[in-house]
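Enquirer: All chains, please: the whole structure from these sequences, using the hints.
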Amino acid sequence: MAKQFDRLSSPMKSCKSRVRESHRWDTALSQGLMYATAQWQYQEKENSKLRAQLAALQQSHCEQMNALLREHKDEMAKAEAVLHTLQVEKQQLTVVNDGLLGQHKVHCSVLAGLVAARASDQVRHDSEVQDLKARLHSVEPTTDTAMSNSTDSNIIEQHRSKAGLDRRKIKEVTQEQHDLHNLVKASEAQTIAHEAEIRLYQKALLETHGKLEKATTQLDKNVEWNKRLRNDVYELNRSLREANSKLNATNTPGVGSAYQPDLTPSTGLQAAQAQIQATNAELRAAKREITRVTTQLNTAEALIESQKGRIDTSQQWINSLDKAITALEAEKVAL
2 MAKQFDRLSS PMKSCKSRVR ESHRWDTALS QGLMYATAQW QYQEKENSKL RAQLAALQQS
62 HCEQMNALLR EHKDEMAKAE AVLHTLQVEK QQLTVVNDGL LGQHKVHCSV LAGLVAARAS
122 DQVRHDSEVQ DLKARLHSVE PTTDTAMSNS TDSNIIEQHR SKAGLDRRKI KEVTQEQHDL
182 HNLVKASEAQ TIAHEAEIRL YQKALLETHG KLEKATTQLD KNVEWNKRLR NDVYELNRSL
242 REANSKLNAT NTPGVGSAYQ PDLTPSTGLQ AAQAQIQATN AELRAAKREI TRVTTQLNTA
302 EALIESQKGR IDTSQQWINS LDKAITALEA EKVAL
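So the sequence shown is residues 2 to 336, counted in this note's numbering.
The list that follows gives simulated cross-link-like pairs (lysine-lysine, DSBU-like), each with its CA atoms no further than 30 Å apart:
(1) K91 / K222
(2) K228 / K79
(3) K222 / K74
(4) K106 / K186
(5) K91 / K74
(6) K204 / K186
(7) K79 / K204
(8) K74 / K215
To be clear, the hints were calculated from the coordinates, so they are not data collected in a lab.
In this text, all values refer to a predicted model and were calculated from it rather than measured experimentally.
Expert: Listed below in structure tokens is the structure:
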């Protein structure tokens, strides 16, 4: 019996040992499963947090991009309105400049006619002076003869008075001719000054035209940047969707790993933000350029007003010359 018990006790001990080993393995597996389950639950919580952060970040960036796009559209609309206003003002200034040039040509032709009339009047005046001098010389012998041969004192006084009137008339006509010559010289100087002012105005108009071309080029660049900005926003949204898809497909990290989310902004987002800042800077530069062009246009308008005043003064000079010539012609007819 003892031998049989010994033969049976050895397998029983081995079976008990195996059972205890199996219990140890079951306990270890249960603990490992519990740890893995806890780690998986922690990872799910972290993924939920990351999804919420990604959704909030995507919403924030989309709102920021939409606000920047709206602001950019408003700035573009304002810049286009200012450009249209500048183009209209440029057309008006061009029309005014053409009118001023036409008036200047008319004034030059009138002045040339006045100079030619003055030369003709001078020749006629010299001829009349010679006639008056001849008459004066013919009157003086007649006066002497009348004094020696006639006893009528009234006739003598009439001849002397006539000679004195002829001398005074010659002096007056000569003085009027000198005054007319001075008026013509003053009008010529005024015309030269007008030509200089018109050249300055044309130079200012050309500079303004250059400023307008620069502003137009800047607006074209802004339109191109707007297109690029839209493409960057599209690429950013696509990158965010890809990141969201990758996050949804992320595998559970290994046991014992410390999962830290990467919240660093993407390269596409940084490039888009830099592009937006550059676009805003260019828009501010375009505003300053438009302000300078507007100031230049105001200066050109003031110059036009001064030109109008000077042209009115020139017209007054021409009118005074016409009156002087008319008076001289009347007096010559009277002579």
